[in-house]
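Student: Listed here are the chains, written in short residue letters.
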Amino acid sequence: MFFQKVILFLTLIYTLNAYDTNTTKQKDIEIGMYEKLGSSIPLDATFTNAYGEKKTLKEFINNKPTILTLNYYNCLALCSPLLSGITDVLNKLQLKPYIDYNVLTISIDPLDTPKTALAKKNTHFQNINIPFPPQTWSFLTGDQKNIDTITNAVGFKYQKRVKDGVVDFLHPGVIIVLSPNGKIARYLNGIRFLSFDLKLAVLEASQERFGPTIANTLLYCFAYDAKSKTYLFQAEKIVGSLMLIIIAIFFIYLVKTGRKKTKRDEE
Amino acid sequence: MSDLHEKTFYDETHTVFGHHKSKLFQWIFSIDHKRIAILYLIVMMSFFIVAILVALSMRIELFSVGKQIMEADTYNQAFTLHGTIMIFLFVVPGIPAVFGNFLLPLLIGARDVSFPRLNLLSWWLYMFGAILAITSLFIGQGFADTGWTFYAPYSVKTGTNVIFALSAAYILGLASILTGINFVVTIHRLRAPGMGFFKMPLFVWGLYSTAWIQILATPVIGITLILVIIERTLGIGIFDPSKGGDPLLYQHLFWIYSHPAVYLMILPAFGVVSEILPTFCRRTIFGYRSIAISSALIAIIGYLVWGHHLFTSGMSEWTKIIFAFLTFFVTIPTAIKFFDWIATMYGASIVFATPMLWVSGTIITFAIGGLTGITLVTLGVDIHLHGTYFVVAHFHYTIFGGVVFMLFAAMHYWFPKFTGKMYDERKAKRAFYGIFVGFNLLWFPMFLAGAFGMPRRYYDYLPEFEIYHRVAGIGAIITIVSIFYMLYVLYKGLKEGKSCGNNPWDSTTLEWQVSSPPPLENFKHIPYVDFNPYEYEKGKPKNDLTNYIKRGKYE
Chain A
1 MFFQKVILFL TLIYTLNAYD TNTTKQKDIE IGMYEKLGSS IPLDATFTNA
51 YGEKKTLKEF INNKPTILTL NYYNCLALCS PLLSGITDVL NKLQLKPYID
101 YNVLTISIDP LDTPKTALAK KNTHFQNINI PFPPQTWSFL TGDQKNIDTI
151 TNAVGFKYQK RVKDGVVDFL HPGVIIVLSP NGKIARYLNG IRFLSFDLKL
201 AVLEASQERF GPTIANTLLY CFAYDAKSKT YLFQAEKIVG SLMLIIIAIF
251 FIYLVKTGRK KTKRDEE
Chain B
1001 MSDLHEKTFY DETHTVFGHH KSKLFQWIFS IDHKRIAILY LIVMMSFFIV
1051 AILVALSMRI ELFSVGKQIM EADTYNQAFT LHGTIMIFLF VVPGIPAVFG
1101 NFLLPLLIGA RDVSFPRLNL LSWWLYMFGA ILAITSLFIG QGFADTGWTF
1151 YAPYSVKTGT NVIFALSAAY ILGLASILTG INFVVTIHRL RAPGMGFFKM
1201 PLFVWGLYST AWIQILATPV IGITLILVII ERTLGIGIFD PSKGGDPLLY
1251 QHLFWIYSHP AVYLMILPAF GVVSEILPTF CRRTIFGYRS IAISSALIAI
1301 IGYLVWGHHL FTSGMSEWTK IIFAFLTFFV TIPTAIKFFD WIATMYGASI
1351 VFATPMLWVS GTIITFAIGG LTGITLVTLG VDIHLHGTYF VVAHFHYTIF
1401 GGVVFMLFAA MHYWFPKFTG KMYDERKAKR AFYGIFVGFN LLWFPMFLAG
1451 AFGMPRRYYD YLPEFEIYHR VAGIGAIITI VSIFYMLYVL YKGLKEGKSC
1501 GNNPWDSTTL EWQVSSPPPL ENFKHIPYVD FNPYEYEKGK PKNDLTNYIK
1551 RGKYE
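Sequences listed follow chains A and B, in order. Residues in the first sequence are numbered consecutively from 1, following my numbering. Residues in the second sequence are numbered consecutively from 1001, following my numbering.
Some clues are possibly wrong.
[To be verified] Cross-link-like lysine-lysine pairs, in silico, DSS-like; alpha carbons within 30 Å at most:
hint: 1; chain 1: A; residue 1: LYS92; chain 2: B; residue 2: LYS1320
hint: 2; chain 1: B; residue 1: LYS1067; chain 2: A; residue 2: LYS260
hint: 3; chain 1: B; residue 1: LYS1067; chain 2: A; residue 2: LYS36
hint: 4; chain 1: B; residue 1: LYS1199; chain 2: A; residue 2: LYS260
[What the hints assert, rightly or not] Listed next, with one range per pair, are the computed distances between beta-carbon atoms:
hint: 5; chain 1: B; residue 1: PHE1329; chain 2: A; residue 2: ILE249; range: 25 to 33 Å
hint: 6; chain 1: A; residue 1: LEU244; chain 2: B; residue 2: ILE1236; range: 19 to 27 Å
hint: 7; chain 1: A; residue 1: LEU244; chain 2: B; residue 2: THR1135; range: 30 to 38 Å
hint: 8; chain 1: B; residue 1: THR1074; chain 2: A; residue 2: ASN91; range: 31 to 39 Å
hint: 9; chain 1: B; residue 1: GLY1539; chain 2: A; residue 2: ILE249; range: 52 to 60 Å
hint: 10; chain 1: A; residue 1: SER84; chain 2: B; residue 2: ILE1230; range: 37 to 45 Å
hint: 11; chain 1: B; residue 1: LEU1137; chain 2: A; residue 2: GLN126; range: 53 to 61 Å
hint: 12; chain 1: A; residue 1: ILE99; chain 2: B; residue 2: ILE1364; range: 40 to 48 Å
hint: 13; chain 1: A; residue 1: ASP164; chain 2: B; residue 2: ILE1236; range: 42 to 50 Å
hint: 14; chain 1: A; residue 1: GLN234; chain 2: B; residue 2: ARG1189; range: 32 to 40 Å
hint: 15; chain 1: B; residue 1: LEU1137; chain 2: A; residue 2: GLN234; range: 37 to 45 Å
hint: 16; chain 1: B; residue 1: GLY1196; chain 2: A; residue 2: LEU244; range: 23 to 31 Å
hint: 17; chain 1: A; residue 1: THR113; chain 2: B; residue 2: PHE1328; range: 49 to 57 Å
hint: 18; chain 1: A; residue 1: ILE249; chain 2: B; residue 2: PHE1531; range: 28 to 36 Å
[Said to hold, decoys possible] Negatives, chain B to chain A, calculated, CB over 10 Å:
hint: 19; residue: ILE1052
hint: 20; residue: ILE1060
hint: 21; residue: HIS1188
hint: 22; residue: PHE1325
hint: 23; residue: GLY1438
hint: 24; residue: PRO1463
These are calculated hints, taken from the structure and not from any lab test. From the three backbone atoms N, C-alpha and C, an ideal C-beta is built for every residue, glycine too.
Take the sequences, apply the hints, and build the full model.
Tutor: Given below as structure tokens:
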């Protein structure tokens, strides 16, 4: 019922240090992206791909620029749009998959299995309509220890939540571009990405250049209850109407009085 | 012809203290509208030069892929500085502050504006705002890096001197409102006897519409800027969704002012076109009434279209469709003006003096700017183009190719009126061609780059966009060199130009019928106006107004 009263706005807002402000409200919950540009990720952490093969991150990265995302495969909200955003942008990227870059999606849920990973992989591969070798994009699962290693290394803060017996995670929407040596080259926030941004990031990462986050965007998904928050609009309406009335009176006065007669005119 | 030894406004003046000995004080405290206009001209042109040099530094940064001369954060500050100076200190005061102030009383047969002291106060407020903006460059974390639009919530959160920049914009807004009130009252109350609204020169119509926009729209931006300052200092949460506020509200409030503001910039420029055209076509302007009324219509419709800046920010589909539809309406009065101008030129023996050359150039550049505006307001297309260089190109084609070109045209057209001398025609034309070619090289490639996906506000880009940035960079250098050349030609004209009599162009409007430069208080006798502003017969002005004005009605 609440949602019927609520207008949902999705806004992309330009902000540089967006995520530190995201967390100020509730100190007990720390969710967000704490950027660690240029630092290395643990290349020896091991994960299992959708085909049950266990490898280190170094092997998965395979000495190429790599696009990393952190999701979980039962996610009901942000992950699917984010992964769809990635398939969209990969279709437009104009780089050669597997030759120019790799993609890694790591589950933050230790209960995910290669089976759920494969299901997710198949779903998203249906939307890729360019020649795309399957080994380019790996959907990984791992144990809690390895998950903690990678999320801490990239500054990804999330929370596990159990509500009505359903386990889900509160987490930010972001993709991270890694250099061939496993250093963090750039963060791209949001769920939809410009191919321009991603291509620039991948090209820079391939040269081990770590630029600042251009167009650092924060996805604000907020509820706005128009009925209860009307004070400002009321004030605006009143002040605005007053202004218009005063200006209208001013105009009528000018039209009525007409040309000003001065003594000099009579000279 | 009037007596050449007559005293001009350069020789004597009224100051706010009555007479004052100091030459400097006679200028900065003068209440003569013509001196105030020249004060504005000097300060505005100085800021203009600063802003084009900042723009040049951005073009150099973008000349090649990767970092050239500045960091990304510096680049953000550079485009904010460029935008803020150009918009708030140059284009918004622009033509009204300089040419409106100088010419309005002359065009309507008045001795000054209605409130000469208020006029001086406006200039001082403008100076105060300007100094405040400049101060913020050198203290704390430097100039704001938000872009000239100061979008919340970023403007609430950034560490740079946003409050300074906002206060400056607020004070400049106040100056703008006061000028608006002054002009409206002057036009209503000080028109020469006999001059009805439809006998006013069209530049006055442009100023009149502009003045109403200044009065009605500027308070909205004032309140909005104060809201951001309150947000930064007190953190009430007006634009913060976590406290029940609405970040989109800022964009709405901002564009409720800033969209009418672009008409506030362009309407006086259209007025300049309507003055120059009949003079150099040697005939009455085609469709006087439709041009006059279309100015007022543009001002009115301009209020109802702000939402087209928010198509990609999050609005309901219906709202978007309505705003797109309303925006298409603006094209109608604008097109009326264009067709009237072209009809005036059609079949006329056009004299291609420098001001006319500028007008012809503008008709091309502004047409490109205006038509790409229609492309942008088409909803589906805007989703693709909104965040790209296409918008940058569109904006500069309208504002530079429209407003600034017309400011340059006015500088040439009324140069003999301001100084009593003539510049070198040949060199002035050369400067025009330089700027025109440079301008198109600079901004046309941006349409292409934008359509192919080059995002705006970026300090770096992909290698395939390098060619567009290279061409634009070369265009920028040609434009800036030519602008300096043009200013040099005008300066030479001021120093060494031949005196050219009162009315070198054979114009029909009142300002040319007094001596050049005009005397203090303009008219010895207020003329009685029972003729239309642009009456030509066989290529010559129909009425011999000089003697008419000397004689006066009451003599």
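Student: The structure should be examined with respect to each hint, and the outcome stated for every one.
Tutor: A quick look at each hint next to the structure:
1. A:LYS92 x B:LYS1320: 27 Å, holds
2. B:LYS1067 x A:LYS260: Not satisfied, since the Cα-Cα distance of roughly 62 Å exceeds 30 Å.
3. B:LYS1067 x A:LYS36: At roughly 21 Å apart (the allowed maximum being 30 Å), LYS36 (chain A) and LYS1067 (chain B) satisfy the hint.
4. B:LYS1199 x A:LYS260: Given that 30 Å is the threshold and the Cα spacing comes to 18 Å, the pair holds.
5. B:PHE1329 x A:ILE249: 25 to 33 Å: Holds: the Cβ-Cβ distance is about 28 Å, inside 25 to 33 Å.
6. A:LEU244 x B:ILE1236: 19 to 27 Å: Given about 26 Å between the Cβ atoms, the range holds.
7. A:LEU244 x B:THR1135: 30 to 38 Å: Cβ of LEU244 (chain A) to Cβ of THR1135 (chain B): about 36 Å, so the range 30 to 38 Å holds.
8. B:THR1074 x A:ASN91: 31 to 39 Å: 35 Å, holds
9. B:GLY1539 x A:ILE249: 52 to 60 Å: Once the Cβ atoms are compared, 48 Å apart, the range 52 to 60 Å for ILE249 (chain A) and GLY1539 (chain B) is violated.
10. A:SER84 x B:ILE1230: 37 to 45 Å: Taking Cβ atoms as reference, SER84 (chain A) and ILE1230 (chain B) lie about 40 Å apart, which means the hint holds.
11. B:LEU1137 x A:GLN126: 53 to 61 Å: For LEU1137 (chain B) and GLN126 (chain A) the Cβ distance comes to about 54 Å; the hint holds.
12. A:ILE99 x B:ILE1364: 40 to 48 Å: 47 Å, holds
13. A:ASP164 x B:ILE1236: 42 to 50 Å: Violated - the Cβ-Cβ distance for ASP164 (chain A) and ILE1236 (chain B), about 36 Å, lies outside 42 to 50 Å.
14. A:GLN234 x B:ARG1189: 32 to 40 Å: Since GLN234 (chain A) and ARG1189 (chain B) have Cβ atoms about 37 Å apart, the given range 32 to 40 Å holds.
15. B:LEU1137 x A:GLN234: 37 to 45 Å: The hinted range 37 to 45 Å holds for LEU1137 (chain B) and GLN234 (chain A), with Cβ atoms some 39 Å apart.
16. B:GLY1196 x A:LEU244: 23 to 31 Å: 27 Å, holds
17. A:THR113 x B:PHE1328: 49 to 57 Å: Roughly 56 Å apart at Cβ, these two residues keep to the hinted range, so it holds.
18. A:ILE249 x B:PHE1531: 28 to 36 Å: Since ILE249 (chain A) and PHE1531 (chain B) have Cβ atoms about 34 Å apart, the given range 28 to 36 Å holds.
19. ILE1052: 25 Å, holds
20. ILE1060: Given a closest Cβ separation of 19 Å, the condition holds.
21. HIS1188: 4 Å, violated
22. PHE1325: 23 Å, holds
23. GLY1438: 27 Å, holds
24. PRO1463: Non-interface label fails for PRO1463 (chain B): nearest chain A Cβ at 8 Å, not farther than 10 Å.
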